[in-house]
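Could you put together the complete structure from these sequences and hints?
Residue 130 in the UniProt record's numbering sits at position 130 of the sequence shown; the count goes up by one each step and never skips.
For the record, the hints were derived by calculation from the structure and aren't laboratory data. All C-beta atoms, glycine included, are put in the ideal place defined by N, C-alpha and C. Keep in mind that the hints are not guaranteed to be accurate.
To be verified - Label pairs and their calculated CB-CB ranges:
id, residue 1, residue 2, range
1, 82, 257, 14 to 22 Å
2, 234, 97, 31 to 39 Å
3, 98, 164, 42 to 50 Å
To be verified - Computed cross-link-like contacts, DSBU-like style, restricted to lysine-lysine with a CA-CA straight-line distance of at most 30 Å:
id, residue 1, residue 2
4, 172, 160
5, 160, 145
6, 221, 145
7, 40, 213
8, 172, 206
9, 145, 40
10, 236, 249
11, 213, 236
12, 40, 221
13, 236, 221
14, 145, 155
15, 133, 160
16, 40, 160
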Amino acid sequence: MDGIQTILKFLINRKTAIGYSFMALLTVGSERLFSLIAFKCPCSNENFIYGLVFLFAPAWVLLVIGYFMNSRMWKLFTGCCLNPRKIFPKGNSCSFFYVFGQITLNVLIAPVMWLSVALLNGTFYECAMSGLKYPGYLNTLCNNKSVRCWEELNKVACGKTTMSSSESEELKLTLQAQSQVLGWCIIVTTALLSLLTTCCARCQSKISHLQMKFWRIYIEKEREQLEQLFQLYATKLSERNLTSFFENKEPDAFPMPTFRAWEDASQLYSFNSSEQHYSTLHRLVEDGKKDIGEERETMLDFVD
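Quick look at the structure:
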C-alpha cells in the first residue's frame, strides 16, 4: 500500500512532465498516421501548396484548440465587450498584451511539437519543396545535376523521375536533410527561448522560491475544491428546485453569491507584495467582498 501511495505521489508531482511526454507521443503518433494514411504527395505542380497545408494546417488547428481549452483565455475575455476596461484597465493598458502573450506561449507548445516532429520526419517538407519553382532555390538544389532535375524535381518524392537512381536518391536525401535541420533549429530555438523567458520571469519575481511553491500547491487545491463545491451546490440547488416544482411548495432559502461577487472572483490575479493573498478568491474573502478597484480589473495569475 505504501508503495502504491509513493508511486501515485511521484506521478502527481511529475504531472506536468508526464503531460508534455504524453502530448509528444500523441503528436508523433498523429504525424505518423497522417504520413501513412492521409498524405499522398501529388507529384505535380501542386506539391508546394499540398505539402505546406499538411505541414502548417494541423499546427494551426492545435493552436486554436489550445486557445479554446485554456481557462485563463476565457477569464480574460469573458464580458470584455460589455466592460472594455476589464482587459484595458486605466493606467495599465499594456497588461492585456502581457497576459495574452503568456497564454500564447503556453498554447504554442502543441503546434511547435507538431512542426518539429513533421520536419524531423521530412515527408511533408520533401513534397512541398520539390514543388517550389523559385529559380534561386532550384539553382542551389540542382547544382551539378542533370537538366532533368529542373524538369522533374516535383516527381522525386514519388520516385517516378527519369533521372538516375543515385541522382534521385541524392535529391531526396538533400530535401530530408534540410527538413531535419529546420526541425532541430525550431527545437533548439524553442528550448532557448523557454529558458530565457523562465529566467526573466523568475528574476523579476516578487516572491521567493518556497513561497511560489506554496502558491502553486494552494492554487491547485483551491481549483480542485472549487470544482467539488460547484458539483455539490449545483446538485443541492437542482434538488431544491425540483422538489419545490413537483411538491408545489415555496422553495427554501438558498444563499448564492451576488453577480458582482461572481464577476470579481472570475478575474485573473496578480501578486501584491503588501498582501498575503494567493488568489482572487482569497483576496475577495479576506477583503469581505469589497469592490475590486479598476487597477485590478485585469490581473495575472502566473502560477496557473
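Cross-check of the supplied hints:
no. : hint                    : in the structure
1   : 82 with 257: 14 to 22 Å : holds, 19 Å
2   : 234 with 97: 31 to 39 Å : holds, 36 Å
3   : 98 with 164: 42 to 50 Å : violated, 57 Å
4   : 172 with 160            : holds, 12 Å
5   : 160 with 145            : holds, 17 Å
6   : 221 with 145            : violated, 65 Å
7   : 40 with 213             : violated, 49 Å
8   : 172 with 206            : violated, 53 Å
9   : 145 with 40             : holds, 26 Å
10  : 236 with 249            : holds, 17 Å
11  : 213 with 236            : violated, 35 Å
12  : 40 with 221             : violated, 48 Å
13  : 236 with 221            : holds, 22 Å
14  : 145 with 155            : holds, 15 Å
15  : 133 with 160            : holds, 19 Å
16  : 40 with 160             : holds, 14 Å
Of the numbered hints stated above, those contradicted by the structure are hints 3, 6, 7, 8, 11, 12, listed in ascending order.
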